[in-house]
Amino acid sequence: MSAAPPAAATLAAPVTTARVRRARRSRQVRVGVVLGVLVLVACGISLCLGEAAVAPVDVLRALVGQADELTRFVILDLRLPRLETAVLVGACLGVSGGLLQSVVRNPLASPDVVGITEAASAAGVIGIVWFSLSGVALSGLVLVGALAAALLVYALAWRSGLSGYRFVLVGIGVAAVASAVVSYVLTRSAVTDVREAMVWLTGSLNGAGGDRLSVLAVASLVLLPLAWLQGPRLAQLELGDDTAAALGVGVERTRGLAVLTSVALAAVAVAAAGPVTFVALVSAPIARRLVASGAPALVCSALVGALVVVVSDGVAQFAVPGTTYPVGVVTGIVGAPYLLWLLTRTNRAGQGG
Amino acid sequence: MSALSSPRRARRRLAVVAAGLVAGALALAGCSSSDDGGSSSPTGGTASSAGAGATDSFPVTVQSALGTATIKSEPKRVVTWGWSSQDAVLALGVVPVAMPKNTYGGNADGVFPWDADAIKELGGTTPQLLSGGDTGQVPFEEIVKAKPDVILAPYSGLTQDDYDTLSKIAPVVAYPDKPWATSWQDQTTIIGKALGRSAQAEELVTKTNDQVTALGAKYPVLQGKTFVYAAANEADKLSIYRATDPRVQLLTQLGMVVSPSVKALDTKPDDSYFFQVSYENLSKIDTDVLVAYFGDQKAADAFVKDPLVAAMPSVKSGAFAPIVGESFVMASSAPTVLSIPWMLNQYVPKLAAAADKVK
Amino acid sequence: MPAVPSTTVPPGSAPGGAPSSTSAGLGRRRRRLVLGVVACTVVLLAAALLSLMVGSHALSPSAVLGALRHYDPHDEASLIVVDKRLPRTLVGVLAGLALGLAGTVMQGLTRNPLADPGLLGVNAGAALAVVLAIAVAGVSSTAGYVPFAFVGAAVASVVVYTVGSLGREGATPVKLALAGAAVSAALTSLVTAVVLTSNEALDQLRFWQVGALAGRGFDVVWEVLPPIAVGAVVALGLGRSLNGLALGDDVARALGQRVGLVRAASAVAVVLLCGAATAAAGPIAFVGLVVPHAARRLVGHDYRWILAFSALLAPSLLLLCDVVGRVVAYPGELEVGIVTAVVGAPLFIALVRRGGAAGL
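Residue numbers (numbering that gives the first Met the number 0), protein chains in the order written: chain R, 0 to 352; chain Y, 0 to 358; chain A, 0 to 359.
With the rest of the complex left out, here is chain R (with noise of 0.2 Å):
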C-alpha cells in the first residue's frame, strides 16, 4: 500500500493524469471507430447473401426505395430487419456482460451464468411449449421471467449488502432450477414443439423482424445510454469500495443500477433473439483487451458483441449449403476458441482467482 497522502500524489502529477486520460480515451475511440466501421461492413456483406440472389445494386436500390417489389421485400422486410435485430442483439448482450462483470469483479460473470438467461429461457420455453406464445407475447413473458428471476436472485443473494460473490453463487442456484424446468418442459412435449423450443433456446434471429424489433429497439434507445452513463462510475468503482467511497461514489446504488441495467439489457436481448450463447460472456473480455485500459469498456462491448452476432448469423446462415443453423450454435463454436486463447494469453490480477 502507498504511503504518500493522497492529497501529495494528486498535486504531483495532474499533467500526467490527464495526459493518461486522454491518450486512453483516444484509443478508445479508435478502437470504437475501427469496430464501428466493421460492424458496417459486416452488415453490408450479409445484405447482398441469401437464397433469393440480389445483386449489390440492386440492394442499394432497395435501401432506397427503388427497386421492385419483391427485391425490396427480400431487402427490406427480411434481411435489413435481421441484421438491426442481430446488430442490438449483440449491443445488449455484450454491455449487459460488460456491466455484470465490472460490479461482480469477475470475467465469469455475465447473465449467462446468474440465473437470468435460464430463467429466461425457461420463461419462453413454456410459452413456446405450453401456451404456443410468440412474437410481442412471448417477448413480454420472457422479459417477465428474466425480472421476476433477478428480483429473486437480488432477494436471496442481499444480506444486509450484496456481495458480488453471493450474488453469482444464488445464480446458479436459480439457473439450476430453470435448466430442470426446462428439462421437464422439454422431456413431456410432442417432438415437434421440442424441436421449435430447442431452436429457440439457442438463440435464432430467424423471422426477426416487426414488432418484436420495435420493441428491441425502443429498449435498447432508453438502455443502452443508461449503461453508458454509468461507466465512470464503475470505472471508479473497480479501483475497491473503499477508494470508490472516498471518490464520493455511491457504492450500493452503483452496484445495485448496475445490475438491474445488466438484467434488463440481458432480458431484452433475449426476449427479441432467444438466448444467444456467450455473446455476454465475451464480448467485454474482448473489447477490454482491445481497449487495454482496465475500464469497462462499455461502448466497445456493444460494439464486440454486435459484430460477434452478425458475423456468426452469417457464418450460419451459409457456411454448410443447404443447412441453416440457429446463430447461437455458430457464437457457442466461434466464442470459445477466443476466450481460450485470452485465458492462455493474461495473467490477471485481482480478479477473483
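Simulated from the structure, these hints should not be mistaken for laboratory data. One or more hints might be untrue.
Quick list of simulated restraints, FRET-style, between CB atoms [stated by the list, open to error]:
no. : chain 1 : residue 1 : chain 2 : residue 2 : range
1   : A       : 297       : R       : 320       : 57 to 67 Å
2   : R       : 288       : A       : 327       : 43 to 53 Å
3   : Y       : 62        : R       : 67        : 29 to 39 Å
4   : R       : 135       : A       : 136       : 56 to 66 Å
5   : A       : 263       : R       : 135       : 25 to 35 Å
6   : R       : 135       : Y       : 167       : 53 to 63 Å
7   : R       : 150       : Y       : 283       : 50 to 60 Å
8   : Y       : 283       : A       : 140       : 18 to 28 Å
9   : Y       : 357       : A       : 71        : 39 to 49 Å
10  : Y       : 315       : A       : 30        : 50 to 60 Å
11  : A       : 263       : R       : 25        : 42 to 52 Å
12  : Y       : 283       : R       : 135       : 42 to 52 Å
13  : A       : 71        : R       : 320       : 26 to 36 Å
14  : Y       : 304       : A       : 30        : 46 to 56 Å
Beta carbons: idealized from backbone N, C-alpha and C, even for Gly.
For chain R, the structure is supplied; the task is to place chains Y and A on it using the hints.
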C-alpha cells in the same frame, strides 16, 4: 460470394417472371377452369392433366387462425410448409414447386415414399426442397426463390409473425384453429378449397375413409379388439397416446377400441396427446393388442427384451404389432390421404395377425 | 509424505467449540466424527432400502423381501425389484458416491466452493459424445451410451484442465472456471448443431440430458464400477494433500508437498469419478456442489473427513431424490435430475445465505 448472380441477369429474370405473372393473370381472368400451361421455370411441377383441374370459381377466401387468405386465381405455383401439406396437394393432381425436405422418413432426396410415388404418377419432377422443415424455421428467402402463387400450411406451427411475413410473398393458408392440430380430413378440404378443387377434395376424403373402413371389414378379427398405442422413447417409460391423437383415431376407424385401462391410468389428463407410464406399472395395462412405433427393427427388438415388457400378456402371446421404420413412423404419425393407404396396406395385415393371437 | 501432525485442522473450525489443541478435545472430536460416519452409513443403508421398497408400483415390504430372497421370473414383484430397482439403486449409490467425492476434490483443487465437478466441461463433453453416438453410430441403449459418454467427458475435462493450467499461475480457480465455461459453450453449440439435423438424436438426447437413474441395468453397473472404484481410491487418498493445498500453494510446497502432482492426481480423480457418474446417469445437478458444502459445515475443514462424509451423504441424497421422483408423478416418474435441481437449489441457496460461501 457465389450466391450473387450478375445484376443484369437477375433483373431480367425478375422482369420475365413479373411479365409472366401478369400475362397469366390476364389469361385466367374470367375463366373458371384452367388449362395446363407449362411453367416457365425449369424446376418444379406443372399442373398436370391427370385428374380434373380446378372446378371452383375464383377468387377464393380461406380463413385460418392467423388471418384470411384471398386467392385471386387458380394457383399454378404451390408451395407447402409444415408436415404433410404436400400430400393432399399431390393427391389433388398438383405438383408443388417447393415443399419441405424430410430427412426423417424420406428417401435419399428427402421426399416421403408416398410423395415420390405420387410425383412420378403425375409426371412431375422433384420440387425444390425447403430447409428448416426439421426445425420449424421458415426459410423465407427460399420461398421467395420459389415464386409461389399460394403457400399452404394447414398442418404446421406457423407463428403470427411468420404468417404476416409470408403473406407479403403470397396468400398463406394456415391452420384453422391450433398449430399441429388439424385432422387429415380438414387438411384435405382446406387444401382443396385453396386450389379450387373442393369437390375432388370431398371425394378424396370419402374415398380414403372408405378405404380404411373396407380394410377394417376385410379383417373382422380387428373388430372390437382393445389396443394401446405407445411409444418407448425414454428409458423405462412408456408414452401412451390418448384417444384424441390422430394415430389412435386411425386405428379406431378400423374398428378397434382404445383400452379402458388406459383411461384408468390417465390420472392427470391435460391438453397434450400423450402421458407417461413407468415400466413398473405395465401390469396395470390390460389390452388385447399393443401397438408401438420404432425407428428401426433394432429398437423394436430391444423393447421386447426388457423383462417387464416381455411379461405383458399382449407381448407374451404375440399380440404385439410394432410399426417399424422411419417412413412408417412418419406415415402413421402424420396421416394423410396419401400416407394412410400407403401405410395401412402394409401394416393392417400385421395388425390382424397380432389380433389373431389374442386369447 | 510431509511430516505434519495428523490433525492439520485450522484452529477455530471445530464444531461445538471444543479447543482443538488439547488431546482430550481431539479424542472427543475424533469420536464424534467416527460416530458421524457410522450415522451416515446407516442413513445410506436406509436410503438404499427405501429405494428398493418404494416405487411407482406399490409393493408390500414382504413382497420386496421375498423377491430379494428368491427370484421368480414369473412374479411381477421379482421383475420389478431385482431387474429394475436393484440395479437402479446400485447405480444411484455409485453415481452418488462418485459425485460427492468428485465435488469435494474439485472444491479442494480449486480452493473454490463454487466449483461443481461439471465445471470442467464434463456434462457438455459427455452430451456431445452421446449425441454423436446416436446420430453416427446408431446407439440407442443407456448401457451403450456409457463408454461414449465417459470418453467424451474425459476428453473435455482434459482439454479444460490443460487450457486452464497454461500460463504462469497454473490452474487457478478462475481460469479453470472460464476454460470450463468456454469449452462447455462450444461443445453445447456443437450438440445443438448435430441435434437439429438428426431427429433420432434430438428425441433421445432430450431424455438423456435430464439425468435419470431409470432404465440403468446391471450392465451399466459393471461398466462404471471400475472407473468409480479407482477414482474413489485416489480421491480418498488425497485427503491429507488437499488439506495442505488449502493453505495455499506456497505453504503447501514449504510443507513438502508436490503441488503439481497433487493437482494432477486430483484432476484424474475428478475426471474418472464425474465422467463415470455422468456416463451412467446423465448430467445430475447439484449433488456434487451441495453435499461437500453441507459436509464441510458438519465436519470442519479437514478434507479427510469431508471426503468420507460426502461419499456417504451424496448417494443418500441422490437415492432419496430418486424415490421422491418415483412417487410424485404417478403413473409416470419424475427424473432424478429434475428432483435434485429442485431440491438441491433451495438447499444450496440456504447454505450460501448462512455464510457458507466464505469458507474455503
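Each hint, compared with the structure:
Between residue 297/A and residue 320/R the beta carbons are some 59 Å apart, a value that agrees with the proposed interval 57 to 67 Å. The hint said 43 to 53 Å for the Cβ distance between residue 288/R and residue 327/A, and at roughly 49 Å that hint holds. Taking 29 to 39 Å as the suggested C-beta distance range, the pair residue 62/Y and residue 67/R conforms, at roughly 30 Å. Checked against the hint of 56 to 66 Å, the C-beta distance between residue 135/R and residue 136/A comes to roughly 44 Å, which is inconsistent with it.
Restraint check, residue 263/A to residue 135/R: a C-beta distance of roughly 54 Å breaks the suggested window 25 to 35 Å. Separated by about 19 Å at the C-beta atoms, residue 135/R and residue 167/Y break the suggested range of 53 to 63 Å. A C-beta distance of roughly 44 Å is found between residue 150/R and residue 283/Y, which places it outside the suggested range of 50 to 60 Å. About 25 Å separates the C-beta atoms of residue 283/Y and residue 140/A, a value consistent with the hinted range of 18 to 28 Å.
In this structure, residue 357/Y and residue 71/A break the distance hint of 39 to 49 Å, their C-beta atoms being roughly 26 Å apart. Roughly 58 Å separates the CB atoms of residue 315/Y and residue 30/A, a value that falls within the hinted 50 to 60 Å. Take residue 263/A and residue 25/R: their Cβ atoms lie about 47 Å apart, and the range 42 to 52 Å holds. Against the hinted window of 42 to 52 Å, the Cβ-Cβ separation of residue 283/Y and residue 135/R comes to about 46 Å, which satisfies the hint.
Between residue 71/A and residue 320/R the Cβ separation comes to about 60 Å, which falls outside the hinted range of 26 to 36 Å. At about 52 Å, the CB distance of residue 304/Y to residue 30/A agrees with the hint of 46 to 56 Å.
The structure fails to meet hints 4, 5, 6, 7, 9 and 13 from the earlier list, while all remaining hints are met.
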